[in-house]
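Given chain A, work out where chain B should sit, using these hints.
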Amino acid sequence: MLPDDAAAAVPRAASTSFADYLGVHHPGLLPSNRTLGPVTGSTDASHLAPHATTIVSLTFPGGVLMAGDRRATMGNVIASRHIEKVFPADRSSVLGIAGSAGIGLDLTRLFQVELEHYEKIEATMMSLDGKANRLAAMVRQNLPMAMQGLAVVPLFAGFDADRHVGRLFSFDVTGGRYEEHEHHSVGSGSVFARGALKKLWNPRLDEASAVRVAVEALYDAADDDSATGGPDAVRSLWPVVYVVDAAGARRVPERELEAVAHAIIDARSAAGREA
Amino acid sequence: MTQQFYVSPEQLMKDRADFARKGIGRGRSVVVMSCRDGIALVAENPSPSLHKLGEIYDRIAFAAVGKYNEFESLRQAGVRYADVRGYSYAREDVTARGLASVYAQSLGAVFTAESKPFEVELVVAEVGHSQDADHLYRLTFDGSIADESGFVVMGGAADVVVEALRGTFSADLALPGAVRAAARALRNGGPAGTNGTTGTTGTNGTAGEGDRTGAPALDPSVLEVAFLERDPDTLRGSRRAFRRIGGPELENLLQQEQDI
Numbered sequence: 001m002l003p004d005d006a007a008a009a010v011p012r013a014a015s016t017s018f019a020d021y022l023g024v025h026h027p028g029l030l031p032s033n034r035t036l037g038p039v040t041g042s043t044d045a046s047h048l049a050p051h052a053t054t055i056v057s058l059t060f061p062g063g064v065l066m067a068g069d070r071r072a073t074m075g076n077v078i079a080s081r082h083i084e085k086v087f088p089a090d091r092s093s094v095l096g097i098a099g100s101a102g103i104g105l106d107l108t109r110l111f112q113v114e115l116e117h118y119e120k121i122e123a124t125m126m127s128l129d130g131k132a133n134r135l136a137a138m139v140r141q142n143l144p145m146a147m148q149g150l151a152v153v154p155l156f157a158g159f160d161a162d163r164h165v166g167r168l169f170s171f172d173v174t175g176g177r178y179e180e181h182e183h184h185s186v187g188s189g190s191v192f193a194r195g196a197l198k199k200l201w202n203p204r205l206d207e208a209s210a211v212r213v214a215v216e217a218l219y220d221a222a223d224d225d226s227a228t229g230g231p232d233a234v235r236s237l238w239p240v241v242y243v244v245d246a247a248g249a250r251r252v253p254e255r256e257l258e259a260v261a262h263a264i265i266d267a268r269s270a271a272g273r274e275a
Numbered sequence: 001m002t003q004q005f006y007v008s009p010e011q012l013m014k015d016r017a018d019f020a021r022k023g024i025g026r027g028r029s030v031v032v033m034s035c036r037d038g039i040a041l042v043a044e045n046p047s048p049s050l051h052k053l054g055e056i057y058d059r060i061a062f063a064a065v066g067k068y069n070e071f072e073s074l075r076q077a078g079v080r081y082a083d084v085r086g087y088s089y090a091r092e093d094v095t096a097r098g099l100a101s102v103y104a105q106s107l108g109a110v111f112t113a114e115s116k117p118f119e120v121e122l123v124v125a126e127v128g129h130s131q132d133a134d135h136l137y138r139l140t141f142d143g144s145i146a147d148e149s150g151f152v153v154m155g156g157a158a159d160v161v162v163e164a165l166r167g168t169f170s171a172d173l174a175l176p177g178a179v180r181a182a183a184r185a186l187r188n189g190g191p192a193g194t195n196g197t198t199g200t201t202g203t204n205g206t207a208g209e210g211d212r213t214g215a216p217a218l219d220p221s222v223l224e225v226a227f228l229e230r231d232p233d234t235l236r237g238s239r240r241a242f243r244r245i246g247g248p249e250l251e252n253l254l255q256q257e258q259d260i
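Line by line, the protein sequences give chains A and B.
Residues 1 to 275, numbered by our numbering, are exactly what the first sequence covers, in order.
Residues 1 to 260, numbered by our numbering, are exactly what the second sequence covers, in order.
None of the hints are false.
Estimated spans, in silico, between C-beta atoms of each pair:
1) B:S144 x A:V77: 57 to 63 Å
2) A:S236 x B:G128: 31 to 37 Å
3) A:R251 x B:M13: 51 to 57 Å
4) A:G28 x B:Q3: 46 to 52 Å
5) A:A271 x B:N252: 52 to 58 Å
6) B:D231 x A:S209: 31 to 37 Å
7) B:S49 x A:D223: 51 to 57 Å
8) A:K199 x B:N69: 58 to 64 Å
9) A:H26 x B:E249: 36 to 42 Å
10) A:D160 x B:D231: 27 to 33 Å
11) A:D129 x B:N69: 26 to 32 Å
12) A:A137 x B:S8: 54 to 60 Å
13) B:T112 x A:R34: 37 to 43 Å
14) A:S226 x B:S73: 52 to 58 Å
These are calculated hints, taken from the structure and not from any lab test.
We put the CB at the ideal spot given by N, CA and C, even for glycine.
Here chain A stands alone, though its shape is the one from the complex (with noise of 0.2 Å):
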């Protein structure tokens, strides 16, 4: 047993969370420490700044994919034709974010720092699971903002290099975490890409059938959901997809997603119905 005033001096020294020390030492850097005042039953920031919609993730044998549409919105006006909502996170995971733009990018730019310091200090890498709390606890921080309007809803996707299977995370305003199965779809569009999920999605899909079924899944959201872009063939804007297995993430190069898109668009002018 360590005498009382080690154990105290240890919890100092092996803090690795990022978030922590700056929470203690920069607590102004927090995304999570921006307020709009106290809340009240009036308070509506979501009009004030963009949001991200549609992000959508599904599973295939040995790895798992995520995919989001190009369209940020603020009210009924397009505010970004270009905006990214998949990123990174660290070399074996990826996190998509839905909802307030501004604050989603900088809880992914904090999460991604929070990963990496963990490594750089540990020397070793965070587990999936460890990787989804850490997400999950910069969630709930965010509460406050979320009761005024401005919430991120992440997605969460890695590579469990234990299990050797591509995990999917999905999460609430309050931080709750949920372990997703087969796939799962965050934002305004996400009823309608959930609904082509279910119908396209198999377990026995390859990886550039995958993509082909997110993409799909991302143009039945479009076509019926306002603030979610489809590929865009006018600007040649196709959408971000991040594919994660054994070998770690990679982004799905433009020309392939073109190839897929314009096949996805070919196969439904084809058939020529309305809906």
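Just chain B, lined up with the frame of chain A:
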């Protein structure tokens, strides 16, 4: 009531410096070498998990000799400094120069104000996009800082290792070649008796010949090796230049020397 004896500041500082130097002199050596493909960091270190070399940031690494708990706390503080700076400004605003001057201040403050100086010597290395832009900052226990070029050797038998390395060092070396040169110099310069060589060989040619007949091959199990790669983006698609070399990869790399 006992009277405090007068000790002159010169004597006090000299005693502290001697104390720190003695502590550092007991440790095994570390070589940090800038070369064509990046910066090679090679340490004599029998432990596979207690590192003397570490990553600080995208293009910055840390190497140390001396007391483990002291330099490890400095490394962690460096990681915190770099991460906070990169997070609050931008990743490219984290520089080895900034980090080295923070280290210099902390070491200097501990040396003059605390009851015991840190028994450590550090190198903060930053790999640039060209060799001219490489930085090797060497920091000693009293907070002195030196901007070195080429290579740095720290630790117990530093002088001997420097001598051994002077013949083989070349700025045109690729990373594996630099690691082999550093490992060879460490072995030849290491404490007598651990490596079987007589320690009198000056140039690499004679050392190589001597080794092949009597001395054991370069032993990867007592080496800790890391690279700072010059172009991690093109090589591995990562902005992080630091990479550890160990296990079979290191054995392979050292094996190549025997074949040449």
